[in-house]
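Okay, here's what each chain looks like letter by letter:
Number of protein chains: 2
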Amino acid sequence: MACSVARERIPRLMAELSAGGMAAAVLCSRPSLRYYTGFAPPLVSSFSVQSPVLGACLLRRDEAPLLFLALELSETPFEEVPHELVVQYSLAVEETWPERLCARVGEQLQRLPAGKLGFEMRSCAAEFERRLEAQCPHLQFVPIEPVLARLRAIKDEDEVAAIREAVALADLGQEVIRGSARPGLCELELFEAARRAIDLRAGRRVAMIADLISGERTAESVGEPTTRQMAAGELLISDLGPHWLGYWGETCNTLTLGAPNPAQHRAFEALRDALGEGLAHLRPGVQAGEVDERMRKTLAAHGGSYFHHSGHGIGLLCHESPTVVPGCEMPLAAGMVVALEPGIYFPRHWGMRIKQVAVVTEHGGEPLSRFRHCLF
Amino acid sequence: MACSVARERIPRLMAELSAGGMAAAVLCSRPSLRYYTGFAPPLVSSFSVQSPVLGACLLRRDEAPLLFLALELSETPFEEVPHELVVQYSLAVEETWPERLCARVGEQLQRLPAGKLGFEMRSCAAEFERRLEAQCPHLQFVPIEPVLARLRAIKDEDEVAAIREAVALADLGQEVIRGSARPGLCELELFEAARRAIDLRAGRRVAMIADLISGERTAESVGEPTTRQMAAGELLISDLGPHWLGYWGETCNTLTLGAPNPAQHRAFEALRDALGEGLAHLRPGVQAGEVDERMRKTLAAHGGSYFHHSGHGIGLLCHESPTVVPGCEMPLAAGMVVALEPGIYFPRHWGMRIKQVAVVTEHGGEPLSRFRHCLF
Chain A
438 MACSVARERI PRLMAELSAG GMAAAVLCSR PSLRYYTGFA PPLVSSFSVQ SPVLGACLLR
498 RDEAPLLFLA LELSETPFEE VPHELVVQYS LAVEETWPER LCARVGEQLQ RLPAGKLGFE
558 MRSCAAEFER RLEAQCPHLQ FVPIEPVLAR LRAIKDEDEV AAIREAVALA DLGQEVIRGS
618 ARPGLCELEL FEAARRAIDL RAGRRVAMIA DLISGERTAE SVGEPTTRQM AAGELLISDL
678 GPHWLGYWGE TCNTLTLGAP NPAQHRAFEA LRDALGEGLA HLRPGVQAGE VDERMRKTLA
738 AHGGSYFHHS GHGIGLLCHE SPTVVPGCEM PLAAGMVVAL EPGIYFPRHW GMRIKQVAVV
798 TEHGGEPLSR FRHCLF
Chain B
438 MACSVARERI PRLMAELSAG GMAAAVLCSR PSLRYYTGFA PPLVSSFSVQ SPVLGACLLR
498 RDEAPLLFLA LELSETPFEE VPHELVVQYS LAVEETWPER LCARVGEQLQ RLPAGKLGFE
558 MRSCAAEFER RLEAQCPHLQ FVPIEPVLAR LRAIKDEDEV AAIREAVALA DLGQEVIRGS
618 ARPGLCELEL FEAARRAIDL RAGRRVAMIA DLISGERTAE SVGEPTTRQM AAGELLISDL
678 GPHWLGYWGE TCNTLTLGAP NPAQHRAFEA LRDALGEGLA HLRPGVQAGE VDERMRKTLA
738 AHGGSYFHHS GHGIGLLCHE SPTVVPGCEM PLAAGMVVAL EPGIYFPRHW GMRIKQVAVV
798 TEHGGEPLSR FRHCLF
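Chains A and B, in that order, give the protein sequences. Each residue of the first sequence is one higher than the one before, counting from 438 in our numbering. Each residue of the second sequence is one higher than the one before, counting from 438 in our numbering.
Don't read these hints as lab results, they were simulated from the structure. Keep in mind that this is a model prediction, so the values were computed, not measured. Hints are supplied without guarantee of correctness; some may be wrong.
Pairs count within a copy or across copies, as identical chains cannot be separated in the list.
Below 25 Å or equal to it, Euclidean Cα-Cα: the simulated SDA-like pairs (lysine to any residue) are [to be verified]:
{"hint": "1", "residue 1": "Lys734", "residue 2": "Glu626"}
{"hint": "2", "residue 1": "Lys734", "residue 2": "Cys811"}
{"hint": "3", "residue 1": "Lys734", "residue 2": "Glu602"}
{"hint": "4", "residue 1": "Lys734", "residue 2": "Leu503"}
{"hint": "5", "residue 1": "Lys553", "residue 2": "Ala700"}
{"hint": "6", "residue 1": "Lys734", "residue 2": "Arg587"}
{"hint": "7", "residue 1": "Lys734", "residue 2": "Pro519"}
{"hint": "8", "residue 1": "Lys553", "residue 2": "Gly722"}
{"hint": "9", "residue 1": "Lys553", "residue 2": "Arg567"}
{"hint": "10", "residue 1": "Lys734", "residue 2": "Thr798"}
{"hint": "11", "residue 1": "Lys553", "residue 2": "Ala571"}
{"hint": "12", "residue 1": "Lys553", "residue 2": "Arg568"}
{"hint": "13", "residue 1": "Lys734", "residue 2": "Glu521"}
{"hint": "14", "residue 1": "Lys553", "residue 2": "Glu570"}
{"hint": "15", "residue 1": "Lys553", "residue 2": "Gln572"}
{"hint": "16", "residue 1": "Lys734", "residue 2": "Pro768"}
{"hint": "17", "residue 1": "Lys734", "residue 2": "Glu445"}
Given only the sequences and the hints, what does the whole structure look like? Please build it.
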């Protein structure tokens with residue numbers, strides 16, 4: 438399935454680019470390589486943490502796409518687009534890869550007729566772009582990030598499925614944390630337990646962004662897990678964002694260590710109301726800013742507030758459009774995937790946050806998560 | 438200490454750049470920010486995985502350096518260089534950060550006299566460079582990666598200390614793996630045990646690159662841990678590379694699950710000999726290629742060989758100069774830090790590798806690792 442989807446996406450992009458006078462484009466960002474070719478190298482590997490470029494895909498009107506990869510990265514199982522290994526294993530592949538990649542892509546670009554070339558200026562190293570431009574004075578390099586972002590905003594079915602899998606990993610982490618949290622453990626121990634379960638479920642290492650904060654740290658809203666020992670009666674915020682096959686998922690929950698007090702209970706119910714209100718308005722045509730406003734108003738009726746966004750799009754980037762913030766006029770559309778995350782914070786005392794990822798549908802947000810937020 | 442070291446490094450770089458006709462430079466790569474300012478944001482965070490730039494440091498002859506950071510990243514404890522938070526927390530910081538950073542850096546660049554500006558072309562996004570160039574037609578942007586790499590090749594004392602700490606984390610992981618490895622466990626379970634111990638020792642999440650392969654997979658030399666269950670009599674290669682405060686460390690060991698057979702025992706002794714021979718020649722003036730040759734010859738005398746490099750420099754990059762490969766004429770110098778890693782591989786059957794990080798000294802390589810390679 439993924440294969441045919443990628444092949445539908447390329448003509449869709451080329452049609453857009455043609456309308457802008459471009460007959461070809463070079464893609465090199467991680468999200469674009471995943472979206473248009475299916476290629477999803479790991480986020481953390483000896484190659485990917487230091488190579489200035491992971492690969493490049495050349496798209497041309499009326500010709501097959503060409504993908505250029507380093508051998509190291511081609512180990513990722515991968516079949517969707519014809520590809521060429523630019524660098525066979527060498528004893529110093531990381532040093533020679535950018536030069537060789539430029540040379541190979543440049544050769545192909547030199548065969549193109551004069552005109553505009555779509556290019557990812559933001560994700561491509563300046564050196565790479567300069568070398569290609571120097572090789573191809575007949576081409577005018579045009580940034581295409583806005584077109585790429587617009588085409589990706591509405592998720593295809595296979596993307597929703599991938600995000601659902603990533604969210605399921607986050608949910609598993611939440612279940613483990615809920616089952617393991619107890620006074621005397623430190624934040625890091627709890628985090629390690631969640632991550633171990635996630636990796637074993639996935640069958641491989643899963644890169645993950647995470648906040649895991651307890652006690653007074655919860656008032657700060659975000660933070661990495663530390664060796665801080667958790668005590669009875671304290672709160673714990675766990676916000677887990679695993680990266681799975683190129684897509685991000687997220688779930689956030691807040692727990693009490695022991696039975697919640699009435700104030701904690703009321704705050705948590707207020708968050709659930711705010712989240713429910715937000716989900717109810719994840720409908721086509723509703724502006725993102727309206728979802729934000731309704732969530733904040735619902736919470737304010739309970740006396741709560743938060744200083745961060747109400748939510749954000751999620752997919753190949755962990756934070757992408759639409760941004761659910763005050764005044765955002767972007768209308769939602771069916772198939773957008775959004776993480777909503779209301780919070781309540783009392784500076785230097787405590788804080789709470791819950792988050793759920795959902796798809797925009799005619800009937801409101803359809804959660805991709807099966808985790809039920811719960812305080813204990 | 439780190440503070441004064443960073444302040445010595447900046448004049449050293451400026452002297453080099455002055456000799457090349459440059460009165461100022463903009464640094465934006467992760468290694469350069471760490472080296473010249475002490476700033477070491479985490480490798481994996483919601484901000485750092487998707488922002489096209491982590492920050493920028495402007496160095497000027499006869500003026501204080503200026504570092505520009507996003508608020509999110511400034512949470513890293515950090516005092517060494519005067520810095521400015523370009524983006525206070527906003528509801529969409531990731532969207533506005535690159536534009537605002539360019540604007541702030543550009544303002545400062547416009548005040549410079551006409552001439553050459555040192556620039557990191559390879560690590561900087563093309564968009565960022567293009568915007569700055571458009572704002573500053575009086576400046577000629579000059580790539581300075583070769584100068585930066587040369588100055589960093591010989592490590593300062595604080596760097597050796599940092600690498601030693603990173604290596605100690607890798608060593609701890611090896612001890613845990615040695616103590617836990619048993620038939621019936623899968624590779625991932627073993628990896629998780631090592632990582633948990635490393636994170637708890639460090640007191641925070643430690644990013645890590647790792648090979649962890651067992652059985653026939655060892656013949657492939659590298660690979661991520663999987664759910665493959667290990668069986669008695671098999672081999673296990675664990676190559677751990679933690680990233681600690683901006684520096685990489687590495688240790689690799691090979692274990693047998695149970696008592697080694699004579700062939701395994703002989704191969705392992707041959708690897709130790711080759712490593713010992715390599716270490717003995719990590720002396721100033723010796724060419725990297727000679728170290729490579731001596732290691733391969735020693736192993737060949739036992740009937741063994743490997744197809745990968747014999748080693749590589751390590752520090753702010755996990756693979757950097759000098760590359761210990763056949764024919765490399767780069768002379769070693771006191772203070773260089775090198776990982777040596779001889780291996781033996783029998784295609785589709787089994788493989789072994791050991792690795793140790795050492796500093797080049799007059800008396801040969803001084804290991805930064807305390808782990809004693811052992812087969813069981």
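Do the hints match the structure? See the list:
In the homo-oligomer, the alpha carbons of Lys734 and Glu626 never lie at most 25 Å apart, since the shortest distance is 37 Å inside one protomer and 46 Å across protomers. Taking the shortest Cα distances, Lys734 and Cys811 sit within 25 Å of each other inside one copy (22 Å), while across copies they are farther apart (63 Å). Proximity of Lys734 and Glu602 under a CA criterion of 25 Å is satisfied in neither setting, with 32 Å inside one chain copy and 50 Å between copies. With identical chains, the CA atoms of Lys734 and Leu503 are never at most 25 Å apart, being 51 Å at best within one copy and 42 Å at best between copies.
For a Cα distance limit of 25 Å, the shortest separation of Lys553 from Ala700 qualifies neither inside one copy, at 61 Å, nor across copies, at 62 Å. When the C-alpha separation of Lys734 and Arg587 is checked against a cutoff of 25 Å, the pair qualifies neither within a copy, at 30 Å, nor between copies, at 58 Å. Taking CA atoms no more than 25 Å apart as the test, Lys734 paired with Pro519 passes in neither setting, with 52 Å inside one copy and 41 Å between copies. Taking CA atoms no more than 25 Å apart as the test, Lys553 paired with Gly722 passes in neither setting, with 34 Å inside one copy and 51 Å between copies.
In this homomeric assembly, Lys553 and Arg567 come within 25 Å of each other (Cα to Cα) both inside a single copy, at 16 Å, and across copies, at 17 Å. Taking the shortest Cα distances, Lys734 and Thr798 sit within 25 Å of each other inside one copy (23 Å), while across copies they are farther apart (67 Å). Proximity of Lys553 to Ala571 under the C-alpha cut-off of 25 Å is found in both arrangements, the shortest distances being 15 Å within a copy and 20 Å between copies. With identical chains, the CA atoms of Lys553 and Arg568 are at most 25 Å apart both within one copy (17 Å) and between copies (19 Å).
For a Cα distance limit of 25 Å, the shortest separation of Lys734 from Glu521 qualifies neither inside one copy, at 54 Å, nor across copies, at 35 Å. Taking CA atoms no more than 25 Å apart as the test, Lys553 paired with Glu570 passes in both settings, with 12 Å inside one copy and 21 Å between copies. Proximity of Lys553 to Gln572 under the C-alpha cut-off of 25 Å is found in both arrangements, the shortest distances being 15 Å within a copy and 23 Å between copies. Proximity of Lys734 to Pro768 under the C-alpha cut-off of 25 Å is restricted to the intra-copy arrangement: shortest distance 20 Å within a copy versus 68 Å between copies.
Taking CA atoms no more than 25 Å apart as the test, Lys734 paired with Glu445 passes in neither setting, with 42 Å inside one copy and 54 Å between copies.
Violated hints, listed in ascending order, are 1, 3, 4, 5, 6, 7, 8, 13, 17; each of the other numbered hints is respected by the structure.
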